[in-house]
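Residue-level listing of the chains:
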Amino acid sequence: MYNFEFSKPGTIDEAVAALGADEAQALGGGQTLLPTMKQRLAAPEVLVSLTGIDQMKGICLSDAGEVCIGGATTHATVAAEAAAHYPALAALAGRIGDPAVRNRGTIGGSLANNDPSACYPAAALGSGATIITNTREIAADDYFQGMFATALDEGEIITEVRFPVPEAANYQKFVQPASRFALVGVFVAKYADGVRVAVTGASSDGVFRWTEAEEVLNGSFTKDAIDALSPPSGDMIADLHGSAEYRAHLVKVMTGRAVAAAS
Amino acid sequence: MPKDHGIGASSKRREDLRFLTGRGRYTDDINLMGQAYVHFLRSDMAHGKINGIDTSEAEKMPGVIRIFTGKDFEGVGGLPCGWQVTDRHGNPMQEPPHPILAQGKVRHVGDPICAVVAESAAQARSAAEAIMLDIEELPAVIDMKAAVQDGAPKVHDELDSNLCYDWGFVEENKDAVNKAFEEAAHVTTLELVNQRLAPNAMEPRVAVGDYAPGTDESTLYTTSQNPHVIRLLMGAFVLGIPEHKLRVVAPDVGGGFGSKIFHYAEEAFCTFAAKAIQRPVKWTASRSEAFISDAQGRDHVTKIELALDADNNFTALRTETYANMGAYLSTFAPSVPTWLHGTLMAGNYKTPLIYVNVKAVFTNTVPVDAYRGAGRPEATFQLERVIDKAARELGVDPVELRRQNFVTEFPYATPVAVEYDTGDYHATMDKLLEMIDRDGFEARAAESKARGKLRGLGINSYIEACGIAPSALVGQLGARAGLYESATVRVNATGGLVVMTGSHSHGQGHETSFAQVVADMIGIDEGMVEIVHGDTANTPMGMGTYGSRSLAVGGSAMVRATEKIIAKAKKIAAHLMEAAEGDIELKDGEFTVAGTDKSVAWGDVTLAAYVPHNYPLEELEPGLEETAFYDPNNFTYPAGAYACEVEVDPDTGKVEILSFAAADDFGNIVNPMIVDGQVHGGLAQGIGQALLENCAYDEDGQLLSASYMDYAMPRADDVPFYAVDHSCQTPCTHNPLGVKGCGEAGAIGSPPAVVNAVVDALHRGGHSHVMHIDMPLTPHRVWQAMHQA
Amino acid sequence: MTQVTMTVNGKTVSGDVEGRTLLAEFLREGLKMTGTHIGCDTSQCGACVVHMNGEAVKSCSVLALDAEGAEVKTIEGMANPDGSLSTIQQAFQDHHGLQCGFCTPGMVMSAAALLKDNPKPTEREIREYLEGNICRCTGYHNIVKAIMAASGQDVGAIAAE
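Chains as they are written, first to last, in numbering that gives the first Met the number 0: chain S, 0 to 262; chain L, 0 to 788; chain H, 0 to 160.
The following block holds chain S by itself, in its conformation from the complex (with noise of 0.2 Å):
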């Protein structure tokens, strides 16, 4: 790894302004962050961690119902303490990396570096949450940009995730068999006003909702529902562990799973 000058603030306004420094760069938990540096493949001449900032810790229900996370906050909290708020995203959290990786790794960090294959775009999309930073609210819909990109702009803080809590929702994760990443993972929220599917890990696009599942279940909230649907097309990824086509059958799969033990 190249050097680089390290500092850990306290507060968001001190990691903003050194996130104001030349080639400066937030660390969340460190857990993509640090081997992709390892690699060289990335070089922040700063690294402003975000361990420290203690008002970006923690889960909460807002005023609206809303289960809101701190950026800062680890998966293993997510999955602990937003259980007996929204259980499908305690369970998801859960199952992000392993319980080290669970214990460092962060839901601003997994959200700001959007990995195609991560677990939480699926949740925030499949929520609708909305994406807090130090100077705006973004909606999940807008958040998300395709592979690695976000509406994020450069030394943006995730300072607060908020999830709507939904009637029913459930995740079903695909393992890739080394990385654990999701090789396909769905998350399918009920909500009073619809249905959300949120698909991660099948499409080079990155996370996003398979529309045609969402009307279908709209119409009926059941794993039969979606039997007539074609599996999803468009730019499926095809690597070493699966085909484009391969993919798109277990994303229908797999919502049908969601759907069945959501409903």
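Please keep in mind that the hints were generated in silico from the structure rather than gathered at the bench.
Keep in mind that the hints are not guaranteed to be accurate.
Unchecked claim - Derived, one-sided and incomplete: chain L residues facing chain H with beta-carbon distance under 10 Å:
{"hint": "1", "residue": "Lys-11"}
{"hint": "2", "residue": "Glu-14"}
{"hint": "3", "residue": "Phe-18"}
{"hint": "4", "residue": "Gly-676"}
{"hint": "5", "residue": "Gly-681"}
{"hint": "6", "residue": "Val-718"}
{"hint": "7", "residue": "Tyr-721"}
{"hint": "8", "residue": "Val-723"}
To be verified - BS3-like mimics (lysine-lysine), calculated; alpha carbons at most 30 Å apart, straight line:
{"hint": "9", "chain 1": "L", "residue 1": "Lys-452", "chain 2": "S", "residue 2": "Lys-222"}
{"hint": "10", "chain 1": "S", "residue 1": "Lys-7", "chain 2": "H", "residue 2": "Lys-31"}
{"hint": "11", "chain 1": "H", "residue 1": "Lys-72", "chain 2": "S", "residue 2": "Lys-7"}
{"hint": "12", "chain 1": "L", "residue 1": "Lys-586", "chain 2": "L", "residue 2": "Lys-569"}
{"hint": "13", "chain 1": "H", "residue 1": "Lys-115", "chain 2": "L", "residue 2": "Lys-11"}
{"hint": "14", "chain 1": "S", "residue 1": "Lys-251", "chain 2": "L", "residue 2": "Lys-452"}
{"hint": "15", "chain 1": "L", "residue 1": "Lys-570", "chain 2": "L", "residue 2": "Lys-586"}
Keep in mind the model is a prediction, meaning the values are calculated, not measured.
Every residue, glycine too, gets a C-beta built ideally from N, C-alpha and C.
Chain S is fixed; fit chains L and H onto it per the hints.
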């Protein structure tokens, strides 16, 4: 009652105490005063012509001590190959040079081009990035069959072609085999791939070179399974250092599985560079580097045909295999697809006629060499898959088809040049069936079906050959080394013993099991026996640990040396008790005179040996230290029967291993707990091969599975508790312990059981067109197989 | 270089590190505590697992400076005060839960973290918890068994002692 000490006891491992408390001493834990660090700049293309290397900017980088290129090694030998195979026309294999650093061309991704030595590892890496390479990319050959076509780009320009050798075995049988196929009532044919694997010992390779100018002595600390072999190869063939000026130390080594047998460029480099810069030089591989620089395993593409008569007796077997050597010949690479593979093609069966053809091919990929099982998993997989397919085609029970053809009389000379000394294949099959409740399978399958899953059962036999020997024979077969083993037993004055063995333990627990043997022979506490290994300075010349040879060969040497100790000790005891030597008996650490109540303790005899006041000095030298070299007169032949039960998710193709049972015959057992552990580990690697692992290259020669992000290692939740049994014991007839070797069996016998089980599951699910799926049986591949037309 | 101070196995330690120095490197090179191992560079093998503020973390994916002020526990701090093996360590020896020993420090640290949160885990829970710890030697059988035994469960029925 299980024994609580000595041979046959599950003695707890003494080495665990240091490993469990963080006090092991692995090579990367060694740091020498004034040590510099090397970073290897490796090729990022599979094939290219080096037009220029400009190190001028890099040399100005902070911390750089010296940058080495291929030029620095022009007068130095390349890495030697330890086995010369003769082809079916009587010609020696093509054997290209294997330079320490690339000379003129790069031949695989990972081929080292430059070595930057600097004050820190990070500085060395940064400087390596500043080296300007002018390399002209050449077309790469990756596919073996394409590589041997006329006009294919040549990996080595100076060779006639990419064909290393075309080996026929037994060439004289070829016509008879072909004739038997013409006369067969049924022929089953199967084309399959035994995919390339990365051995992945959890400890990446490390080398630390040191040089003492005052005595002109070089020392190499390295992650090796056989330090003496490294000393011989590196000293004599690469660097020209006489062995008495070269010490090689392999301290605690974090697993090997074959990949740490071979002599690697980085070892020679660190030794060479330490002398060149007069400072210790250290290299620690990252895992990413390991994937492109450790020798890989397997990589065979095979067509196998089995001929049967009208009564389903096997009448002939014929195979054609392409075996990938990679870009260079690694130390023992040529022997793996030939003498470790062709000789095992009889399996457990009395097939009278066998012909094996192997074409070894150079490609622009990482070199391939022995990996746990080495040739024997490839042989077993082909054979046990083709038999299963034959049973399916003929509509007969796969177990009965095997039983009908088992070898039952021993010794048995196979048509592929080996003689099985002993075995009982029905016994292990009987034991296996007892373990798995085969009769209950249909009910279990129905229960799975009710849950929407497809259950399958796969059963197979295996045989393997361990303790490759004898030296005189392997010499005729092309080995450029002997395959004996050595031990020195040094008894101290106060009765404790130190056994210095040429075997090397890197997980096998020799420090415990070897001590059990010696303690048992003398009748003393195991704690009185210390096992020393891994340092050429204090062990006799030995060939190291691989091929499940340690106890069968190294243990036998230790037994022989201990027998010499006991013989001499009896002479001393006879003198002390004024009795005839022939009347002396040793039991429980006490010498007695038969028929009398005279006795003298072990410690009194050892003291007398070193304080020879009352001692037959005119007949006997003082001291009690003996060395033995043991060269076995045959391989040993562990064998057994394995069963795997799987459940396939038809919606996704995912395979779950529900149970795995292994009934092995390892002959006599010294430490059952350690034997179980060896089998467990082998099974996990075999299951890993069957379901998960794959070194996949793209057509440009880039390794697609070059980290744990894409190379799927078996994890705890991929495997079940295994049922293992080794109560069927036909002791080896030709070594003093009657042991056979247990390190590789699990990895050899398990892949066909898994694949047989998955194919069985798919047939039960109505996918009767699926006769084979190539490993690894990933969910994607199983799903594809189910849905192919 | 920046000075970092933390508590390792109950002892306050400090040293000068670069920004990029990993906790694993600080332990191994700075403190000469080589029990923590590095087996991969993608944060997967788990040979480097230590406890930081009571939680299992991969010390190859934590910056030393990010551990400023932390309580760190490593394999060197796992034995009983009198030097004897702790319950988990003893179970690994009793049930042959290690072979080459390289992954062992991480396995023991992960096992300890698991049992702290889940004193009587099922076989399935143990296997899932070990997702981030790779062992190439044991096939996991005896590791899982050792952890079950360390949690006081009867492992007599599990095949192959």
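Taking the hints in turn, this is what the structure says about them:
| no. | hint | verdict |
| --- | --- | --- |
| 1 | Lys-11 | holds, 5 Å |
| 2 | Glu-14 | holds, 7 Å |
| 3 | Phe-18 | holds, 3 Å |
| 4 | Gly-676 | holds, 5 Å |
| 5 | Gly-681 | holds, 7 Å |
| 6 | Val-718 | holds, 6 Å |
| 7 | Tyr-721 | holds, 6 Å |
| 8 | Val-723 | holds, 5 Å |
| 9 | L/Lys-452 - S/Lys-222 | holds, 18 Å |
| 10 | S/Lys-7 - H/Lys-31 | holds, 26 Å |
| 11 | H/Lys-72 - S/Lys-7 | holds, 22 Å |
| 12 | L/Lys-586 - L/Lys-569 | holds, 11 Å |
| 13 | H/Lys-115 - L/Lys-11 | holds, 26 Å |
| 14 | S/Lys-251 - L/Lys-452 | holds, 18 Å |
| 15 | L/Lys-570 - L/Lys-586 | holds, 15 Å |
Every hint, counting from the list given before, is met by this structure.
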